[in-house]
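Based on the sequences and whatever the hints tell you, model everything.
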Amino acid sequence: MKGLVLDQFGKTASFSRINPVQPSYDNAFRGGYHPYTDTEQFPYNNRIKVISYLREEAKTNAILAGIINAWVNTVGVPAFKSVSSSKEYNEEKEEFLESRFSNLCKTYDFRTFVRLICNEYVLTGEVFVYFLKDGHVKLLPAELIGSDPKNEDPNEVDGIIFSANGYVEGYRLGKRIKNKISFSKEDSQVIPANFVNHLCRRTRIEQVRGDIPMMPAIQAIQDLSEITKAKVKSIKIQSSLSYAIIKNNAQEYIEMLQAAVSEGSVDAQDALNWTTARSSYSRNAVQDIERGSMLYLENGEDAKPLSTNFQSGDFSAFELMTIKRICGTIAVPQQEILGYDQSNYSSSRAEKLKFAAFVKEFRKDAVQTILLPLQSWLVRRAVLFGDFIAGPEGEDNKVEYIFPAFATIDENKAVQAASERLAEGLTSKSQEIAAIGGQADQVLRDRIQYAAKQAQLIKEMAVESGLTEEEIRTELEAGK
Numbered sequence: 001m002k003g004l005v006l007d008q009f010g011k012t013a014s015f016s017r018i019n020p021v022q023p024s025y026d027n028a029f030r031g032g033y034h035p036y037t038d039t040e041q042f043p044y045n046n047r048i049k050v051i052s053y054l055r056e057e058a059k060t061n062a063i064l065a066g067i068i069n070a071w072v073n074t075v076g077v078p079a080f081k082s083v084s085s086s087k088e089y090n091e092e093k094e095e096f097l098e099s100r101f102s103n104l105c106k107t108y109d110f111r112t113f114v115r116l117i118c119n120e121y122v123l124t125g126e127v128f129v130y131f132l133k134d135g136h137v138k139l140l141p142a143e144l145i146g147s148d149p150k151n152e153d154p155n156e157v158d159g160i161i162f163s164a165n166g167y168v169e170g171y172r173l174g175k176r177i178k179n180k181i182s183f184s185k186e187d188s189q190v191i192p193a194n195f196v197n198h199l200c201r202r203t204r205i206e207q208v209r210g211d212i213p214m215m216p217a218i219q220a221i222q223d224l225s226e227i228t229k230a231k232v233k234s235i236k237i238q239s240s241l242s243y244a245i246i247k248n249n250a251q252e253y254i255e256m257l258q259a260a261v262s263e264g265s266v267d268a269q270d271a272l273n274w275t276t277a278r279s280s281y282s283r284n285a286v287q288d289i290e291r292g293s294m295l296y297l298e299n300g301e302d303a304k305p306l307s308t309n310f311q312s313g314d315f316s317a318f319e320l321m322t323i324k325r326i327c328g329t330i331a332v333p334q335q336e337i338l339g340y341d342q343s344n345y346s347s348s349r350a351e352k353l354k355f356a357a358f359v360k361e362f363r364k365d366a367v368q369t370i371l372l373p374l375q376s377w378l379v380r381r382a383v384l385f386g387d388f389i390a391g392p393e394g395e396d397n398k399v400e401y402i403f404p405a406f407a408t409i410d411e412n413k414a415v416q417a418a419s420e421r422l423a424e425g426l427t428s429k430s431q432e433i434a435a436i437g438g439q440a441d442q443v444l445r446d447r448i449q450y451a452a453k454q455a456q457l458i459k460e461m462a463v464e465s466g467l468t469e470e471e472i473r474t475e476l477e478a479g480k
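Letter by letter, the sequence shown follows residues 1 to 480 in the UniProt record's numbering.
Everything labelled a hint here was simulated from the structure, so no lab data went into it.
Just so you know, these numbers come straight off a predicted model, no measurement behind them.
No false leads were mixed into what you were given.
Below, a list of computed lysine to aspartate or glutamate pairs in the EDC-like style, where the Cα atoms sit at most 16 Å apart: (1) K81 to E92; (2) K453 to E420; (3) K231 to E319; (4) K354 to E336; (5) K459 to E475; (6) K150 to D187; (7) K231 to D314; (8) K185 to E152; (9) K398 to E95; (10) K352 to E336; (11) K180 to D148; (12) K175 to D187; (13) K81 to E400.
This is the structure:
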């Protein structure tokens, strides 16, 4: 971790190579497990370390950033449609919501608001939406919801305050002071629960804060980052031109020494000196040559280029395996990052279906927890202040959020299947369009509408001619 200190103790939120949330294997064999609560297993200090690490990696790790972007883009930004019994009221309400959504938050609009919700959910596991008294809403970072370490109130757990009956009464919002967050009573504030909507997904009965979806992938992210850096450094070193400088003049001096001894022109000490020098004259050396430079050799030297042996196969396999592990935490298909060259049609389609199911569940949670209460609050507030006229009784909440459709791998097959269902009377045009999404690609929608018209035309021709629909369809396909 770099830079910012985020814990309430004022300590640097350094993220070590050891995953703070991974249990020790030593504990497992020594019977070190105990029935801890969720807060004891995953305290606030560890939570903000994980969140801080993921935020940092999301900015600097290209693969992680690509996975998160794929998730956010797939969830998409929904369109809204009023579905009350009054057509006039529906039009007025849609205009009103469009106007309010353009200035929903003080610094960004509805589109950015939804994308931030998607991004925060992946990195922190929860989203806090604060409904302000001036009619705006504000997203609260998960790190700012917490409790004072000195807190002794049993009804306050991880920044969430409960009543004696177990209902949520409020949320403690901390204050940033220099490089730490203070949750003391003097610095923090308690926001009543009816002003905050808390979106999260829990996997434990006693859990009060949400699971961080990307947390199981932390070690894979670290492994991929470290191995990639090491491999890139290795490639850079091997990509330089390296030569082995071989200098082997020793034989010449041996012959000179033998001639001198035989002539008696050299004594024993000189012979020893000549022999000692042999090792230096036969030395080998390795020299790196910069690109564009010249290599000069002395008399008796040879240069032998060293071949680079970069083994890419093992790294590619490791990279693919690690990316799968990271993508799997939020069900993002690996094809979103690597393309389709590493997979076949069946596996790609299976991953798409799994991803679609995961995204649809999140969409439902977001609509029920944030988007429907949001539009209801905006309408009721506007009616109260006289800025909007109430609609039919009990129908102010009748709004649908229509998300973008999921792209299919083979749209021709999807259209063909839809056409067959329409022709056989198994479904209707509106059902097919609803199945692919209210904002599906216009070309795809036009083709489905064409298929519906063709099916109706065949039925009419069958009535007029007395032939069966199958016979007419056969004649049309034959071009008669």
